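Colleague: Protein chains in written order, with my numbering: chain E, 1 to 315; chain V, 1 to 649.
Since the hints were derived computationally from the structure, they do not count as laboratory data. Please note that the accuracy of each hint is not assured.
So the derived list for chain V, only partly shown, Cβ under 10 angstroms to chain E, looks like this [what the hints assert, rightly or not]: (1) Arg-23; (2) Leu-49; (3) Ala-51; (4) Ala-386; (5) Glu-401; (6) Gly-427; (7) Gly-446; (8) Arg-452; (9) Gly-524; (10) Ser-525; (11) His-547; (12) Ala-559; (13) Pro-581.
A quick note: this is a predicted structure, and the numbers were derived from the prediction, not measured. All residues carry an ideal CB built from backbone N, CA and C; glycine is no exception.
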Amino acid sequence: MTPVLLQLLQLLLVVTAAPLVTGWVRLVKARLQARRGPPLLQPYRDLYRLLQKEAIVAPSASWVFRAAPYLTFSAIWLAAMIIPTFSIDLYLIPAADLIALVALLGLARFATALAGMDIGTAFGGLGASREMLIASLAEPAMLMVTFTLSLLSGSTSPAIVAEFVLHGGIGLSVSAGLALVAMILVAIAENGRIPIDNPATHLELTMVHEAMVLEYSGRHLAMMEAAGMVRLTLYIGLIGCLFLPWGIALPGASGLELAGGLAMWAVRTLALSTALAVFETSIAKMRVFRYGDFLGGALLLGLLAAIFHYVSEAV
Amino acid sequence: MVIAAALGALLALFPLAAIFSRRPGVHAAVHAACLLACLTLLAAGLAHLSAPGGADQTLILPIGLPWMSAHFRLDSLSALFVVLINLGGAAASAYGIGYASHLPSPKRATPFVPLFLFGMNMVLLSDDAFVFLVSWEFMSLASWALVLADYTRAENRRAGAVYIVMAVFGTFCLLSCFGTMVGPEGDYSFAAMRAHPLAPTAAFLCVLLAVAGTGSKAGMVPLHAWLPLAHPAAPSHVSALMSGVMTKVALYAMIRILLDLRAGVPWQWGAALMVLGAVTAVLGILYAVLEDDLKTLLAYSTVENVGVALIGIGLAVAFRDNGEARLATVALVAALYHMFNHSIFKSLLFLGTGAVLSATGERRLSALGGLLNRMPWTGALMLIGAASISALPPFNGFVSEWLTFQILLKGPSVPHWAMKFEAPVVGALLALAAALAAACFVRVFGVAFLGRPRTAEAAAATEVGWWMRAPMLVLGGLCVILGAVPVSLSQALSVALAPLTGATVVMSADLGWPWLSPAGAFRGSYSGTVLALAGLALFGITILLVHRFGTTRTRRAPAWDCGHAEDIVNAQYSGQSFSEPLARVFASTIFGASETVEMPEPGDMGTATHTARKTDPIWVGLYQSMVGWSIGSPIMSTSCSSCRCAAIC
């Protein structure tokens, strides 16, 4: 019974905490830029406000446009359910491993990109085309990270990797370090953060994700925004679970250990989201055709991580 | 017996159809008969697979070469492929019943369809080299005739010329391959070949010729260039057969020779096949993502999928040589699962393209758009096909992609440095191919079915009839079922493939029924069933909550488009503009993709021109010398447009 309960708790946790994480990143960024910034809880209010507004749909739109926000959101929510945050004893853990996780996020992206093309405007297509370019570079890099972790721990399941790390199975390893860097680069790209994309822009030529959801309004926009927030929380949770899993409760943990796991997750999330805000403030956005350098670097790091593993094994 | 009757009927249909080809209704009648024959063969294949401990059925007929009889055999491998071939065959035949009126000259195509199906089935059932090669030629020549069904178009005649040269090349390789394996006293039966040990040189030549012969038919790079010319030239349901089904017959021949007729193919061949497969996958999908013609695009994507299957076959060869029977089984299950998936979704996509072609008369992406609103059935089914081929869960393409990745992760268990370094590189290329496939099919669906219609034909499209919709519905349903219930099929494959590798693997051993987690192969699991159910539940909950706590009011109003909203249809993104960044990042080196824009001088009223061109290095390097006489220019495609470009701020 416990795994089912923990699974439900995780389900609620990721979706309720996600706007808070986004609010925190925005707040820290504003303070670093010497602005007051919006209140911490502003994202909740924004989502509520959007839900109350009527949705406007262009005449040429098909059902894909209307279904895509819900599909995107639920695919990302499903993916977030499977990443351990405070406990690895989740009921659905065996349903998907890291490869399936990448594919679930791919499903969300597929839906969003199609929605971007549904209205038949230049911006929607521009966003969809660039998003798929980014994905075609980021997915192989993510798979290389998975490859390395699986070589180190013997499994592609995030729970088994976390357990392995917790038991000191990896320790200080060059491969894991390179994989971590590659993973961070992929996470930045996949979440549309600076330097790949600017989540705050509405300057036409620099938009990627915003260009795809440009035509959305009301509840549809709320779902797309919420999906982005859950995705950010998901990636922060994923990096935490794979590389810094300390505090995550193991199967059969007591209530106190679970509370500790929750506290450690909050600390990790706070630290990683603050780091994201600092990083975003200190760097400028890239030109579109330099994405290849950025994500190609991630791919090479992932590949090097795998190869270093063999070298260190042979020594 | 049933099988013989069905095959006999297919063969008999050829002269009958040819004689009565001028009668009205003969086209539909022939396809209906093909449908019945395919369903019979499908049932026979399933019956053989489900029979407990089913013994091989053999048949020896006193025909063929004077000193030997013709041998036929149905074992579990050929039964698997009989099921695969006839599933695609049945769908294409049923579709053909409704597709008749759209063909320019049905009488040139109709008689060859049953002959084509006959040839493919006979390849699977043959048990000696002579019957095999004769059937192989039936398959090649019937499909060649189908490529030339619309011979009035110059590009089809060129496709036919290239195809016949490559078919001759492939058969020549296979003929020589069987020549190296021939048993004592010229015994060409497969049983004698299995028992006959080969000297190292002969063994090497044999495998090389087998890979070249079967690979050229399957579309393996660098022997692929005929495929995207020939497959689209045939009528759409035949394109589905050629792309979805005939390439599988070629892969069957490869598996039969490498893993059955030859006992110990060294692991280096497996490693080589993996590299060839990875290169094939990436190049195939790169061609596809840059292509404007829908059918050519699908043919290139076939090249990609053949590459993915080759990776699985290569891994199986390497594992088996290394004594890892269980891993070899899982690798082969991954390859076979992918072949099943590909034959299903590629047939679906080709049939959907046929529907678009018959509704609009167009197969260029640049002339379509907004079809989902006008063809809701075809559109929704094409979306399922696009999601499946892009390897998205919970559809079927993801299951085989997942299995291939997982088993590739075990590649380093072959204790050679080459394998250790190769596995991650092949994995990265496979991931690249999968991501590009998603980009490619977002482009296909987004440009053809979403957005606003680009031509009057696209705006006037209407949904196709039920005879064409029904087979697409069945195939779309199979995409969902094979994706949502991955354990059952992979278990059946594992049992059927065990004789080749020597080990059966329980595909859900660690966790029980709906969880795909092959025993003793790797630690990792996937459950399409659970994911699909949980995803549906979350999807429903999301909609309920949003509608409960938000408003459900919706208003139709013109698009916002950042304030630039204009009524120019060509201002929306086209297929070419979608693939431009991908071309710039990936194809500028490989294909020499380049663009030039010529603007008139200020004050000059002339039109601006935009030229995009790309070259195929393999075509220039390899094919120009072989078939250059039939095709002149090395430029793969050039498109010129003089346009009033919609400037974006």
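Colleague: Next step is simple, just say for each hint if it's right about the structure.
Modeller: Structure-based check of each hint:
1. Arg-23: 42 angstroms, violated
2. Leu-49: Check failed: Cβ of V:Leu-49 comes no nearer than 28 angstroms to chain E, outside 10 angstroms.
3. Ala-51: 33 angstroms, violated
4. Ala-386: Interface hint status for V:Ala-386: holds (8 angstroms vs cutoff 10 angstroms).
5. Glu-401: 8 angstroms, holds
6. Gly-427: V:Gly-427 check passes; min Cβ-Cβ to chain E is 6 angstroms, inside 10 angstroms.
7. Gly-446: This hint holds: V:Gly-446 lies near chain E, its Cβ roughly 3 angstroms from the closest one there, short of 10 angstroms.
8. Arg-452: Interface hint status for V:Arg-452: holds (4 angstroms vs cutoff 10 angstroms).
9. Gly-524: At about 4 angstroms, which falls below the 10 angstroms cut-off, the nearest Cβ of chain E leaves the hint on V:Gly-524 intact, so it holds.
10. Ser-525: 4 angstroms, holds
11. His-547: 8 angstroms, holds
12. Ala-559: 4 angstroms, holds
13. Pro-581: 5 angstroms, holds
Of the hints listed earlier, those the structure fails to meet are numbers 1, 2, 3, in rising order.
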